[in-house]
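In order, the protein sequences belong to chains A and B. First residue of the first sequence? That's 2 in our numbering, and the numbers climb one at a time after it. First residue of the second sequence? That's 2 in our numbering, and the numbers climb one at a time after it.
Keep in mind that the hints were calculated from the coordinates and are not lab data. Each hint should be verified, as a subset may be incorrect.
Same chains, same names: a pair is fine if it fits in one copy or spans any two.
[Unchecked claim] Each computed DSS-like pair below joins lysine-lysine, with the alpha-carbon atoms no more than 30 Å apart:
#1 240 / 190
#2 190 / 32
#3 190 / 310
#4 281 / 48
Note that the coordinates shown come from a computational prediction; the quantities given were computed from them, not determined experimentally.
There are 2 protein chains.
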Amino acid sequence: MNDPRDKNSLKIILDDASDLSLNQIRQLINKMTAPEIAHALESSPPKQRTLLFSLLKTEEEGDVLFELGEEIQQDLVSNISNEELTEAVKELELDEIVDTLQNLPEERMSKILENMSMVDRKRIQIGLNYSDNTAGGLLNTDVISVRPNNSINEVINYLRDQGDLPENTDKIFVVNHQNEYLGELSIGKIITSKLSMLVREIMETESLPLDVDLDDKEVATTFERNDLISAPVIDGKGKLIGRITIDDVVDVIREDADQNLLGMAGVAEDTFAPPGRAAKSRVFWLSMNLVTAFIAASTINIFQDVIDKIVYLAVLMPIVASMGGVAATQTLTIVLRGLTLEQINASNIRWLFKRELAVSILNGIVLSILVGFSTYFWFKDIIISVLISSALVINLISSVIAGIAVPLVLRKFRQDPAIGGSVVVTTVTDVVGFLSFLGLATIYLI
Amino acid sequence: MNDPRDKNSLKIILDDASDLSLNQIRQLINKMTAPEIAHALESSPPKQRTLLFSLLKTEEEGDVLFELGEEIQQDLVSNISNEELTEAVKELELDEIVDTLQNLPEERMSKILENMSMVDRKRIQIGLNYSDNTAGGLLNTDVISVRPNNSINEVINYLRDQGDLPENTDKIFVVNHQNEYLGELSIGKIITSKLSMLVREIMETESLPLDVDLDDKEVATTFERNDLISAPVIDGKGKLIGRITIDDVVDVIREDADQNLLGMAGVAEDTFAPPGRAAKSRVFWLSMNLVTAFIAASTINIFQDVIDKIVYLAVLMPIVASMGGVAATQTLTIVLRGLTLEQINASNIRWLFKRELAVSILNGIVLSILVGFSTYFWFKDIIISVLISSALVINLISSVIAGIAVPLVLRKFRQDPAIGGSVVVTTVTDVVGFLSFLGLATIYLI
Chain A
2 MNDPRDKNSL KIILDDASDL SLNQIRQLIN KMTAPEIAHA LESSPPKQRT LLFSLLKTEE
62 EGDVLFELGE EIQQDLVSNI SNEELTEAVK ELELDEIVDT LQNLPEERMS KILENMSMVD
122 RKRIQIGLNY SDNTAGGLLN TDVISVRPNN SINEVINYLR DQGDLPENTD KIFVVNHQNE
182 YLGELSIGKI ITSKLSMLVR EIMETESLPL DVDLDDKEVA TTFERNDLIS APVIDGKGKL
242 IGRITIDDVV DVIREDADQN LLGMAGVAED TFAPPGRAAK SRVFWLSMNL VTAFIAASTI
302 NIFQDVIDKI VYLAVLMPIV ASMGGVAATQ TLTIVLRGLT LEQINASNIR WLFKRELAVS
362 ILNGIVLSIL VGFSTYFWFK DIIISVLISS ALVINLISSV IAGIAVPLVL RKFRQDPAIG
422 GSVVVTTVTD VVGFLSFLGL ATIYLI
Chain B
2 MNDPRDKNSL KIILDDASDL SLNQIRQLIN KMTAPEIAHA LESSPPKQRT LLFSLLKTEE
62 EGDVLFELGE EIQQDLVSNI SNEELTEAVK ELELDEIVDT LQNLPEERMS KILENMSMVD
122 RKRIQIGLNY SDNTAGGLLN TDVISVRPNN SINEVINYLR DQGDLPENTD KIFVVNHQNE
182 YLGELSIGKI ITSKLSMLVR EIMETESLPL DVDLDDKEVA TTFERNDLIS APVIDGKGKL
242 IGRITIDDVV DVIREDADQN LLGMAGVAED TFAPPGRAAK SRVFWLSMNL VTAFIAASTI
302 NIFQDVIDKI VYLAVLMPIV ASMGGVAATQ TLTIVLRGLT LEQINASNIR WLFKRELAVS
362 ILNGIVLSIL VGFSTYFWFK DIIISVLISS ALVINLISSV IAGIAVPLVL RKFRQDPAIG
422 GSVVVTTVTD VVGFLSFLGL ATIYLI
């Protein structure tokens, strides 16, 4: 797992790929695990990535494809033939096949399904019915289930007959004749119980199964809060249809966190996306920012006269705007984090708003004194110093309103509250910053 | 786990705590699990939080304390007596006790250790020796180990004698007489193997154990890449000293992601921190931004003459600065994500830089055309329009240099590359934005 050989292989491939012969690279890859190869691919620019992938054996391709992020996965899949792809995914688990195939164009998908056995096709089509962002999208059908009247001895013999247990099997499930979920039985419990005991006597019934329609973020929260390794999934009628395992949940947690970080900056791309795609992913929020920057500029435009008379207003006005922008982003970040962790709700939002207001007033006092003195020291003008201090306090208060309202409103309209949030909140603080500073100057200086 | 009763309790407590009698709240809490109570505490403002915590039974306090974030945990711990704390943590696992105690003041810690049995004290002191951010800080000593010459039958009998297996036990470990790690044996394998087989015949030796000094983020990466549930930890001499389980690793992943998001905005506090603490956590980067905002203002100050002559330069200049700021934050975010996922290294940084440059030129062309036309439409001045377009392209290129160099330099000096990164990069784009636009205007308009 933390094998120095593999680490070296990875480093050599990433650092010196250009100096190695294809055969040497192939030998190095053979020593690496699928997740390590996937990491090497994700850390490679597009050309090198395609080359590396082409060196993989077909039977390895499936495991590697599944480990990759969606964007890179689709890129590589689009370069291989239907036959090769069918061969590659054959050995994967159901949820992995579904995950790998579900973003393919309709036509290609049906061609690949045609190449599979009837049983596989049916199982995959069931998986494809569930949305990517629900428990159904994460579920695997490799469940082992027993009946409440089985003895532990029978259970152990049954498990022996199975040969190797599926990965991440920490428990098996108990169902009745209609396949309705009744409870669970941990492997540890099986091994440490008397052979004559009945499943119904030692099964655990306290924790409830996950509903197939449950949002994947809620699945992640449930796993985190209860330290689960695996959990049963039931359909609307209470029937056991599969299980979710922690490895897939960890991916959800990682992606969720990733989306918050990337969303705030208005980017959505993998690290080594080609320039065209990266430019496209970013241009939308840059263009939005262009619109909002012109809105802020029109605010300044109202005050041409006063700037014309007192030119150092133009020198100082970005300070007020910039401070408001940083404060608003701070509030926005705290609210986003609270929303992601499901900590914020109707009962505490008022307290949060008051707290943010108190923070902005506390910091407003400190910073307005600093900014006032600095301005006086620079321009020796007491009125301007008082004006900029007052404008700063006003703008910090506006930053609280923007930082809290924007993500909540986006969420209300079922938009991701992180996406582009910082562009919108800084528009508010830019406009209020210019308006308050130049407005006060117009009132008191002309 | 996804029990609607518990969900309701949580909702009722959070929404209507003020309308319920203490006894009613106590009854609701009794029905909740420790992680659910912890979540309720983390979603409560400080006063309500202290009240809720005071309603817990002492034997529950330990489990709840461990589930809490560090900041809230320390707040609550500081409110209870040494005796109560000792009682509360008694039932926890070793890594949990260490985690809960390690931030206590020296004096308090030794008083609590005095109250414990000799054995517990020794075990805890071993745990306290490891840094919080290493494999040692995550490790638990509840390992089950067997010898290579044991038969599966012996192993099963040994496990039966243990009674309940420790949580998250998916495998046991194989050691020699010197307790040196030799391999591992999954519980599934034990249950499905013939009773007469020897441990040495079926044990897994391919995956290497984790070193106790390994960075906790690398531990998380190892778990993620290899879909581990638990992993053995060895000391410098190869002796097995404990194991790490996935539930603690998930916390590391969550915290790591959290730090990136919060760090970029220059905040470091829990969602419902009291106003004083929140203000304190944010004032540093606000003050830094004040300094950098004055630096940007001094850039404008150089150009007082040209602004005095053509006042709408003051109207337009924030547009150039703002666009550069958004672009720089986008580049910064991609670099930070790549660093967190260990995708960026010496071999691909040059490719990344070229890609970012290409992106900024591609988007620069699109945006400078947009900004040029908008400006011409507004002020009907062809020269100003060309100038602002050119300044925008210059600033987008500077945004790439800032967005890539700042996190790499911070990392070089062993600082968290996320902390305050956006304040620093936007300073660069503010200064370059004002300098290029007003500078070009001075050259071509005066």
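Violations among the numbered hints: As far as the earlier hints go, only 3 is violated by this structure.
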